[in-house]
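First to last, the sequence lines map onto chains A and B.
Count along the first sequence from 1, add 43, and you get the number used in the working numbering.
Count along the second sequence from 1, add 304, and you get the number used in the working numbering.
Everything labelled a hint here was simulated from the structure, so no lab data went into it.
Treat the hints with caution; some may be incorrect.
[Claimed, not checked] Below, a list of computed lysine to aspartate or glutamate pairs in the EDC-like style, where the Cα atoms sit at most 20 Å apart:
(1) B/K452 - A/D299
(2) B/K428 - A/D269
(3) A/K358 - B/E450
(4) B/K324 - B/E357
[Unchecked claim] Partial list, derived from the structure: chain B residues whose beta carbon lies under 10 Å from chain A:
(5) R369
(6) N372
(7) L381
(8) T402
(9) F422
(10) A469
(11) K473
(12) W613
(13) P614
(14) R676
(15) V680
Backbone N, C-alpha and C define an ideal beta-carbon position, used for all residues, glycine too.
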Amino acid sequence: MAVSSKNTGFWFVAPAVSLMFLLLIAPVLVAAFLSFTDYSLGNQGFSWVGLENYIKMFSRSTYSKMISASVTYVLLVVPLSIGLGLGAALLINSVRHFGDFYKTIYFLPVMAALLAMAIVWEFTLHPTIGLVNETLADGCGAWTETVFSFGWIPGIDGGQSWYSKGCQDSFPLWFGDKSYSMGTVAFIGIWQAFGFNMVLYLAGLTSVPRELYQAAEMDGAYRAWDRFRLVTWPMLGPTTVFVVTITTIRSFQVFDTVEAITHGGPSKSTYVMMYAIYEKGIQQNLMGIGSAITLVFLVFVLLLTLVQRYFVERKVHYA
Amino acid sequence: MADIKLSDIQKSYGDIPVLKGVDLQIADGEFLTLVGPSGCGKSTLLRIIAGLEALDQGEVLIGGRSMNDVRASQRDLAMVFQSYALYPHLSVQQNMETPLRLRDMSFWERFPVLGHLFPSRRLKTVSIQEIVNETATTLKIDHLLERKPGQLSGGQRQRVALGRAMVRKPVAFLMDEPLSNLDAALRVHMRAELAELHRSLKTTFIYVTHDQAEALTMSDRMAVMMEGNVLQFGTPDDIYKDPRDKRVAAFVGSPKMNFLPGEIDVQGRVSAYGIPIHKSNHTEKGPIEIGVRPEHLEVGPVGRNANQWPFTVTHKENLGSDFFLHGHINGSDQRIVARATPEKAQQISIGAEIKVQANPAMTMAFAADNRRIELVEG
Ligand SMILES: Nc1ncnc2c1ncn2[C@@H]1O[C@H](COP(=O)(O)OP(=O)(O)O)[C@@H](O)[C@H]1O
Ligand SMILES: [Mg+2]
Numbered sequence: 044m045a046v047s048s049k050n051t052g053f054w055f056v057a058p059a060v061s062l063m064f065l066l067l068i069a070p071v072l073v074a075a076f077l078s079f080t081d082y083s084l085g086n087q088g089f090s091w092v093g094l095e096n097y098i099k100m101f102s103r104s105t106y107s108k109m110i111s112a113s114v115t116y117v118l119l120v121v122p123l124s125i126g127l128g129l130g131a132a133l134l135i136n137s138v139r140h141f142g143d144f145y146k147t148i149y150f151l152p153v154m155a156a157l158l159a160m161a162i163v164w165e166f167t168l169h170p171t172i173g174l175v176n177e178t179l180a181d182g183c184g185a186w187t188e189t190v191f192s193f194g195w196i197p198g199i200d201g202g203q204s205w206y207s208k209g210c211q212d213s214f215p216l217w218f219g220d221k222s223y224s225m226g227t228v229a230f231i232g233i234w235q236a237f238g239f240n241m242v243l244y245l246a247g248l249t250s251v252p253r254e255l256y257q258a259a260e261m262d263g264a265y266r267a268w269d270r271f272r273l274v275t276w277p278m279l280g281p282t283t284v285f286v287v288t289i290t291t292i293r294s295f296q297v298f299d300t301v302e303a304i305t306h307g308g309p310s311k312s313t314y315v316m317m318y319a320i321y322e323k324g325i326q327q328n329l330m331g332i333g334s335a336i337t338l339v340f341l342v343f344v345l346l347l348t349l350v351q352r353y354f355v356e357r358k359v360h361y362a
Numbered sequence: 305m306a307d308i309k310l311s312d313i314q315k316s317y318g319d320i321p322v323l324k325g326v327d328l329q330i331a332d333g334e335f336l337t338l339v340g341p342s343g344c345g346k347s348t349l350l351r352i353i354a355g356l357e358a359l360d361q362g363e364v365l366i367g368g369r370s371m372n373d374v375r376a377s378q379r380d381l382a383m384v385f386q387s388y389a390l391y392p393h394l395s396v397q398q399n400m401e402t403p404l405r406l407r408d409m410s411f412w413e414r415f416p417v418l419g420h421l422f423p424s425r426r427l428k429t430v431s432i433q434e435i436v437n438e439t440a441t442t443l444k445i446d447h448l449l450e451r452k453p454g455q456l457s458g459g460q461r462q463r464v465a466l467g468r469a470m471v472r473k474p475v476a477f478l479m480d481e482p483l484s485n486l487d488a489a490l491r492v493h494m495r496a497e498l499a500e501l502h503r504s505l506k507t508t509f510i511y512v513t514h515d516q517a518e519a520l521t522m523s524d525r526m527a528v529m530m531e532g533n534v535l536q537f538g539t540p541d542d543i544y545k546d547p548r549d550k551r552v553a554a555f556v557g558s559p560k561m562n563f564l565p566g567e568i569d570v571q572g573r574v575s576a577y578g579i580p581i582h583k584s585n586h587t588e589k590g591p592i593e594i595g596v597r598p599e600h601l602e603v604g605p606v607g608r609n610a611n612q613w614p615f616t617v618t619h620k621e622n623l624g625s626d627f628f629l630h631g632h633i634n635g636s637d638q639r640i641v642a643r644a645t646p647e648k649a650q651q652i653s654i655g656a657e658i659k660v661q662a663n664p665a666m667t668m669a670f671a672a673d674n675r676r677i678e679l680v681e682g
């Protein structure tokens with residue numbers, strides 16, 4: 044029984060296609076289907092609720108807080124971790140000695156489990172017994188307060204500074220204060236992500252042709268900034284697109300720190316999407332709304348990928 | 305414009321000496337070629353002149369001023385790299401504008417976005433574009449100004465690299481094998497164009513190549529380098545006709561010079577393969593090497609002269625205008641090449657036993673230490 048050669052190709056791709064469908068596409072379709080129902084795990088049946096889950100998402104303040112928490116987190120972590128990663132990569136690339144030492148140090152947070160590190164940071168930033176606030180309190184009245192209250196700069200009232208006020212009243216609660224919680228969670232995210240971005244940038248830097256720097260030097264670019272603008276930054280374009288996409292997607296996915304420390308609080312200030320999916324879908328067993336958030340999340344990621352694919356990639360590959 | 309003087313340039317990478325004390329004096333407006341086999345240190349010397357490489361010892365003087373503590377960007381030299389090193393994200397126009405923008409615009413005028421707030425920026429942009437357009441017209445690349453380097457052919461990229469070097473009107477052009485990435489026909493064409501460009505610009509060119517034909521055809525003077533030393537420095541004619549060293553004689557000329565085992569006898573008479581060549585030297589004795597270029601080996605039999613070498617033809621190379629006959633003298637296994645006119649070569653078949661004779665006026669002798677030995681008539 045001969046298979047016509049025209050169809051042979053289909054047989055070759057069939058295993059891959061069916062696995063992809065089973066493992067990737069089918070679950071998304073199921074989630075899409077569930078997002079129009081009120082299904083709960085363990086229930087016998089479910090009823091069709093139409094767009095109700097989505098309407099809830101766009102009308103209730105909980106969900107607008109969720110979106111704003113996720114977007115704030117992304118807007119804090121992405122630029123800062125990329126900026127620091129690029130800066131560290133440039134510095135490490137320019138030193139003659141100890142480059143490997145710095146690489147290892149900065150890469151350590153990437154290798155550590157974020158959940159464990161989150162707990163360490165929780166202790167470090169504990170309002171009363173944490174290392175950070177204790178150190179800050181120890182500095183009160185000493186030279187550290189004099190220096191960091193910036194009263195020595197003409198025109199600045201040292202007594203009104205952040206540090207002096209902290210000494211008079213108390214230092215921040217960090218995770219417990221809603222005006223600090225997002226910043227603190229984002230800080231852990233940056234601390235964790237920047238080593239990864241640094242490694243990607245270091246890899247990107249090795250592929251910049253040395254002759255281009257020499258050409259720039261011959262053209263009169265004697266300032267480091269000119270060489271950066273003329274050679275380094277454009278040649279790192281593809282790396283930057285990749286780093287931005289990866290960091291953005293990973294920031295949208297932040298979960299460990301929120302689950303381990305803040306549980307979305309205080310007053311939903313750190314209620315990020317991934318945590319919302321987990322709380323609604325798993326903890327409260329509201330599969331319908333959980334699926335709806337998941338789909339919105341997917342749309343975000345998809346949009347990002349499309350932007351990367353069709354607008355940015357074309358501009359950074361020069362060949 | 306200024307003359308360039310190199311004195312006792314030395315450079316090592318680790319323990320390996322790459323330049324072993326190079327002295328050169330390059331006149332203003334001269335086309336100087338640094339030529340030598342791969343790895344002899346030509347690029348290193350050029351990069352030391354440019355300031356891209358630090359030297360261990362010696363001095364680079366441009367217009368009488370020591371450049372040892374002047375960085376590359378301040379030496380007012382322009383360089384054309386072997387890989388062209390164009391900025392891939394910039395158009396041809398922007399590539400050519402770069403050196404002028406860096407020289408003429410202040411840091412803040414070049415700053416992204418903010419720079420546009422300066423009224424002076426507009427004026428400078430106009431004059432920069434004028435220079436770029438003019439240069440592009442000279443090099444016949446004005447129709448390519450909007451393209452990116454990735455959309456250009458090798459020859460076009462080469463012109464853009466040349467244009468980027470030209471716009472600033474530098475003190476001297478440094479070129480590191482600029483033609484080596486082009487195909488053979490274009491390379492020959494560009495040789496002529498570069499020489500013409502040099503004549504019209506009247507600026508010093510320092511040109512690095514491993515191709516002796518480029519050096520012979522283009523330069524006013526050439527420096528033959530080997531193993532970190534300049535062996536001979538002179539006009540192409542001088543170097544071809546009067547090499548002072550066996551390695552120079554072997555390197556310059558194609559096909560390369562034949563070297564025959566010879567000797568100087570007690571009376572000072574010179575012979576090769578046992579046959580006198582009617583030249584003598586009265587200070588040296590013993591075994592030497594006789595150098596004869598293929599065009600100075602006459603293919604015979606030539607008259608009734610007995611002083612001719614028996615020559616077995618093993619291969620004929622047809623170049624159209626000339627034939628090169630490869631073969632052996634006296635049955636030795638050393639390959640000898642002789643030039644013949646097509647008419648003469650037609651009568652000679654492969655395997656033929658013929659006679660060849662060296663033109664005595666064009667025969668050179670070299671000592672075992674590569675030194676040239678002077679010969680006199682007789
Ligand atoms: N950066 C470097 N580090 C170590 N060795 C080098 C370096 N650059 C060149 N060399 C060595 O110096 C010698 C001369 O190199 P180069 O000047 O590039 O020769 P060429 O005459 O072919 O241009 C070569 O043997 C090369 O291996
Ligand atoms: Mg070289």
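Now for the hints, and whether the structure bears them out:
no.: 1; hint: B/K452 - A/D299; in the structure: 46 Å, violated
no.: 2; hint: B/K428 - A/D269; in the structure: 18 Å, holds
no.: 3; hint: A/K358 - B/E450; in the structure: 15 Å, holds
no.: 4; hint: B/K324 - B/E357; in the structure: 15 Å, holds
no.: 5; hint: R369; in the structure: 18 Å, violated
no.: 6; hint: N372; in the structure: 16 Å, violated
no.: 7; hint: L381; in the structure: 7 Å, holds
no.: 8; hint: T402; in the structure: 5 Å, holds
no.: 9; hint: F422; in the structure: 17 Å, violated
no.: 10; hint: A469; in the structure: 8 Å, holds
no.: 11; hint: K473; in the structure: 13 Å, violated
no.: 12; hint: W613; in the structure: 51 Å, violated
no.: 13; hint: P614; in the structure: 54 Å, violated
no.: 14; hint: R676; in the structure: 39 Å, violated
no.: 15; hint: V680; in the structure: 51 Å, violated
Of the numbered hints given earlier, the model fails hints 1, 5, 6, 9, 11, 12, 13, 14, 15; all others are met.
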